Amino acid sequence: MPEPAFAGEKIVGPVTAPDDVLRVEHIAKRFGPITALRDVNLHLRKGEVLALLGDNGAGKSTLVKILSGFHKPDSGTMWLKGEPYTPKSVLDARAHGIDTVYQDLALIDELSVYHNLFLRREPVFRPIPFLNNRMMRRDARKALDEIGISIPEIRAPVARLSGGQRQAIAVARAMSSNADIMLLDEPLAAMGAKEGALILDLIARLKEQGDVSIVMILHNYVHVFQACDRVSLIQDGVISLDKPTSDTSVEELTEIVVDEYRRARLAERADEEKAAQALAEAEQERQG
Amino acid sequence: MAVASDTQAAAPAPEGPAERRARGGAAMGLLRRFLTLREGSIIVVTLVTFGYFAITTSNFVKGDSFKSLLPYFAPLAIIAAGEVFVMILGEIDLSVGAVYLFTPFIWHLFHHAGIPLYLSIILALLVAMGLGAINGIFVAYVGIASFVATLGMLFTLDGLSLVISHSTPIQVPGTGIGKVTSFGQIFGGGTYSELFWAIGIVIILQLLLTFTRWGLYTVSTGGNRLGAAEAGIRTRMIIVRNFVLAAGLAGFAGILEVVRVTSATPDPSGSNTLLLQVVAAVIIGGTLMTGGDGTVVGALIGALFLGILTEGLTIKGVSANYLDLYLGIAIIIAMTLNTLVRRVRTGSGRA
Numbered sequence: 001m002p003e004p005a006f007a008g009e010k011i012v013g014p015v016t017a018p019d020d021v022l023r024v025e026h027i028a029k030r031f032g033p034i035t036a037l038r039d040v041n042l043h044l045r046k047g048e049v050l051a052l053l054g055d056n057g058a059g060k061s062t063l064v065k066i067l068s069g070f071h072k073p074d075s076g077t078m079w080l081k082g083e084p085y086t087p088k089s090v091l092d093a094r095a096h097g098i099d100t101v102y103q104d105l106a107l108i109d110e111l112s113v114y115h116n117l118f119l120r121r122e123p124v125f126r127p128i129p130f131l132n133n134r135m136m137r138r139d140a141r142k143a144l145d146e147i148g149i150s151i152p153e154i155r156a157p158v159a160r161l162s163g164g165q166r167q168a169i170a171v172a173r174a175m176s177s178n179a180d181i182m183l184l185d186e187p188l189a190a191m192g193a194k195e196g197a198l199i200l201d202l203i204a205r206l207k208e209q210g211d212v213s214i215v216m217i218l219h220n221y222v223h224v225f226q227a228c229d230r231v232s233l234i235q236d237g238v239i240s241l242d243k244p245t246s247d248t249s250v251e252e253l254t255e256i257v258v259d260e261y262r263r264a265r266l267a268e269r270a271d272e273e274k275a276a277q278a279l280a281e282a283e284q285e286r287q288g
Numbered sequence: 001m002a003v004a005s006d007t008q009a010a011a012p013a014p015e016g017p018a019e020r021r022a023r024g025g026a027a028m029g030l031l032r033r034f035l036t037l038r039e040g041s042i043i044v045v046t047l048v049t050f051g052y053f054a055i056t057t058s059n060f061v062k063g064d065s066f067k068s069l070l071p072y073f074a075p076l077a078i079i080a081a082g083e084v085f086v087m088i089l090g091e092i093d094l095s096v097g098a099v100y101l102f103t104p105f106i107w108h109l110f111h112h113a114g115i116p117l118y119l120s121i122i123l124a125l126l127v128a129m130g131l132g133a134i135n136g137i138f139v140a141y142v143g144i145a146s147f148v149a150t151l152g153m154l155f156t157l158d159g160l161s162l163v164i165s166h167s168t169p170i171q172v173p174g175t176g177i178g179k180v181t182s183f184g185q186i187f188g189g190g191t192y193s194e195l196f197w198a199i200g201i202v203i204i205l206q207l208l209l210t211f212t213r214w215g216l217y218t219v220s221t222g223g224n225r226l227g228a229a230e231a232g233i234r235t236r237m238i239i240v241r242n243f244v245l246a247a248g249l250a251g252f253a254g255i256l257e258v259v260r261v262t263s264a265t266p267d268p269s270g271s272n273t274l275l276l277q278v279v280a281a282v283i284i285g286g287t288l289m290t291g292g293d294g295t296v297v298g299a300l301i302g303a304l305f306l307g308i309l310t311e312g313l314t315i316k317g318v319s320a321n322y323l324d325l326y327l328g329i330a331i332i333i334a335m336t337l338n339t340l341v342r343r344v345r346t347g348s349g350r351a
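These protein sequences, in sequence, are chains A and B.
The numbering of the first sequence is our numbering, which starts it at 1 and goes up by one.
The numbering of the second sequence is our numbering, which starts it at 1 and goes up by one.
Honestly, I wouldn't trust all of these hints.
To give a feel for the contact side, a few chain A residues facing chain B, derived at Cβ under 10 Å [to be verified]:
id, residue
1, K65
2, F70
3, K72
4, D74
5, V90
6, E110
7, Y221
FYI, nobody ran anything at the bench for these hints, they're computed from the structure.
Note that this is a predicted model, so its numbers are computed, not measured.
Using N, Cα and C, we set each Cβ at its ideal position, and we do this for glycine too.
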């Protein structure tokens, strides 16, 4: 059972729309003593780009990893295109059409660009299952050209690439997998302005086609209003705000986050005072 | 060299470094590519060592010394081939020497119980692989450091070998004293039998490593375990599988070796020396201890290097007391060269 939220906090209850492709209700997840998610309700409509916001440690990445099949939730239910959704693994989620770009990119530095692009779905020959490297190189080149990312040497290990290029490869990997739901955990974090614009363009293009629905963790509010249809804010393991981007503003989002910070500081100070008091009392007792 | 690079600079079309390197593929380019191969430096070091002994001793290049080198080199190469798969994962299997020692005794036990020769070999190898699976499960699922888990396995198997053999040598099934049976011919008794097994195994495993998903996922798991798992690779399965492979090959090398000498001696110190030589061969061959990179062919050449060095020093008449001393220094020199060349290859300041 999810624990009750602290006083004054707003929790968004289960929300649905008729054209939802993905819906989760009352998701909770603990890691030992740490409660990452308490009671998360989230939905994603077809063709929509949803921004997932929240402070560091709020539970964004955990939520994404639950949706991607990497973690299992402790409780709660999920639906995918109307069917109950309980991914057994990352591969299972991928088979259901959900692909993910993780915050750490999940790239293997030692492998070449094209091996990374096709990791876990490498074409092989038959009957001897040798890797079809030629086909991978050709398709990798095509996929990168389509996205418009310039990677001069696809045989090079990705360790040699810049942060932005690496991120582009991780994004390209998800995009070239024909997923219809994409989870992007900070896809723009290591990118320069130009590369970032390229990825945002790409997302806009996907949105125009209307087949792909995207959940995107972002930190930069400018990107949120540039690329996303709707915003969900995670605070302390619950969704505390869920609005179309047209109904909110940078000011409102900033205000909420700053408010959270103030509240945390106040709580911290109260804790400190309580601790100081307890210490003083203990001291008195010892002397008395 | 200067001329070559000038013409490259003058080339009209913009091209990547790969194409440029390929086109300027003159002798220098080829040499550079060879040297920067994972195995390149150890090949050179081995050739130089061979040349040194060939020139400074009169009878090193004769066939006899090669033949006497084989029994040392072949089991080493076979076990090292399996160890490469574990070390690419960033793990280590310290129990391969013990499995090598233990498997023949289990084989003998099975055969003694009336199980036919070939079936008993298969069963003994299955036991060896089972021991590898236990190693792998402790490492991947229980989460014990491989160094510790396999160290425990090492002592357990050394002890078991002494217990079930009652510390006395045994006569090996399928062999006879003073004659080599046809079974023996194939499984280690023939002069080149172990060599053929070693080369065959190394070729197959190198193909496996370079051209199959198993190899790709092994490198991925060793390079970035979390990332590999996020990408959907079942990293724990890969870990268990590679420990099974390493133990299976160690057991097989053990059987080949006891068939060659027709008796099995419960000698843990010998098998543990072999373990250290295996690790040395793997590292000298160009496999990283930190995982993510490695080569089976390199390990074979590493084993060959150790073999040539030992054999050469022996033929030169170096006193037995000095043998390990020279061996140690040579290993350090070879490793230093390897590391320097790797730095050139990966283009990084420190590999």
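Numbers of unmet hints, in rising order = Numbers 3, 4, 7, in rising order.
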